[in-house]
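> So the chains spell out like this:
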Amino acid sequence: MDNQVAIYVALNWLAVLCYVGATIANVSGVMFRKEVVEQRSYWPAWLGLIVHSVAIAYWWSIVGHGPYMAPSEVLSSDAWITIVVFFIFLRFFPRIKTASVIVFPVAFLMIALANFYNPGIRSLPPTFGSIWLVLHIAFYKIALGTLVIALAFSIFYLLKNRRTTSAWMQRLPELDGIDLYAYRFTGFGFIFWAIGMLAGSIWAYKSWGRFWGWDPVETWSLITWLLFGIYLHLRRFFRLNGNRAAWLFIFCFIMSLVSLFVTSHMGSSIHAEYFK
Amino acid sequence: MDMLKRFFLSRSTIISLIMSALFAITLAAFIPQSFLALSDKMLAWQLAHPLLERCSTLLGLHHIYTHPLFAIILVGVSISLALSTWNQCQTAWQRTFQPKRDNSCSEIFFVATAMKEACRILISNGYHRQTAADGNMRLVRHPWGYWGNALLHFGMVVTIAASLFIALTQQRGIIQLAEGVVQQPADPLLMEEHGLLVNPLVLPGPLRLDRVTCSFWPSNAVRQIESKLSFLSDTGTIETKSVEINSILHHNGIRFYQGVEFGHAFFVEVTGPNGLKRILQLQIRHPEAPDKPSYNDFQDLLGDGGLVRAKYLVDADKKSFQHVNPLLTLRLDKQGKELGQIPLRVGEQGTIGPYSFRLGAFAPWSRLIIVNLNGMPGIFLGFFIICLGGALHYFTPPREVSLHATPSGGTVVCWRATKFSGFYPDELALLKKMLELEDNNG
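Protein chains in written order, with this note's numbering: chain A, 1 to 276; chain B, 1001 to 1442.
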């Protein structure tokens, strides 16, 4: 058992190293306008993703369930999905590539944080053996990945829309483009969040006959979803944009982190099984 | 009527309704709700926040979800969503099947290619011909994207309507039975809930729990729980079925769910100071580990205002869950003071104060959740429509092209993306390249 944990932790740290390398190369490539370095920063990122995938698959085979029980598994899989979501969107929207400046460090910070938790084996509670639970968790993770991309563009907007900006920011898309990317990726996140929430309610119905129980995690998830709904409606109907939109998004993003990681600790929640 | 419609569709009304819903739900997250919080926790909160408690009682903040104002918000949201969905459906229909001639373009350019050829190239690149008249042709890529927003909102309407229907018509309750015990239809259900339009749930006939089977992971965590039930009838027939976690049992239109709560019930014979004997059933949840006891308190069980505190180990030797040899310990508290405690195994007896206790037998018990509700297909349907609408809205925004033939034999191309046009400069550049661009004003 000790050997298995050691292998898992070592693989995770190796993935962290790869992502750190990717971040250093990527940020320096963007900041110092070195196209080749920026381009090659994806090599260690891909390598990191492969190592990371092996680590997750290895641990899955040992514990016998997906990466959604122990805090280390949750954070590690969040990081994995964030990177995968970014690569998939990058395939369709190549202009979002500068978001890597935020996405890569977020990913390695999440895995590094995961490594500080004891990865001990958690047994799967009987109600957790449902495909709807897997969909529920997967869509929340995908929503988080998309929101991290939107966060990157909101931060870029705030950085670029200052009186004095650094030269490297010229590498970023135009302000209007950055604003649009933040808006659209929030929309993606909103949809994935809704799907995650609804899949959760179906799981709850299948497991104990109640599709909504005003559990603290459910309530805060709904609050976050409504907040993103307000953000999207303010942008569409009230032409909210620029700095105010970016700050509102950052607030919503913090709320989403609270919903995902803090409310699960509330003892009265059935979701507390995660972080016990 | 139009004024009312305009009111519900005004952007200020929509944003106010969403914000009101958000405010109410956030408030409910901070103030304990009477239908959720246990009475002792509610009391503790009230003692800790006397001022808030007064406000809460005055304004009815302990039952926000059944508050008339919340109902008004919910009705407002539903009407607004429904009207907005209808409007969006009309718009989508019109854009798909009766498009108006619209001259707004984000890009207009001239190509030497003839209109017919330009049309062919566009069709081969995923555009669909929509209309053709007066030397103009209109093509759209992803025309189904027009329906994204309408479906997204329609899905929410369906989900809210289904939720409302379920809330008004659902019947549910809980029974906790020990092996061999029969639940009669007239027996009250625990935590009974029913919607405004229906009566409390009544079992169709007597129900007996025959057997509870539990399996454990090597870590002693519960792996599965199964209850075998017998449905008894007046004619003497017995129908035996089983239910386990995530495997629902259907019987006479009622759904039975296996709860995660289970343990052992102890049948204790108590002899009071007056010599009167009675048998009490003490249900205690299963311990988390063989060496850790599980506890339960029974307030005023003996009718003298005292507190009976019970704990038990599944295996008195604290070795394994497989070896069931329980050790029950009873303690009697009166006015905060311990009167005494006794350990009991099956057949043993002891005395605390004026009471004599004898452990007659024990049996496993399990919790069954009984539900009778309709309308879940509406939730599933709403879920599907939201997914579809979201995918269409965000992943396939329509791109429109108008072609206009010029006397010189070339074509004026007018291109626009209905949403997020900043995402498609590459697509436009490719289009220009394919149409052998002769950029006019770019």
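The set of hints was computed from the structure by calculation and includes no laboratory data. We put the CB at the ideal spot given by N, CA and C, even for glycine. Hints are not guaranteed to be accurate.
One-sided and incomplete, this derived list gives chain A residues near chain B with beta-carbon spacing under 7 Å [what the hints assert, rightly or not]:
id	residue
1	Leu17
2	Gly21
3	Pro71
4	Ile131
5	Trp132
6	Gly187
7	Ala194
8	Gly209
9	Trp214
10	Ile230
11	His233
12	Arg235
13	Asn243
> If you check each hint against the structure, which ones fail?
Structure breaks hints 1, 2, 3, 4, 5, 12, 13.
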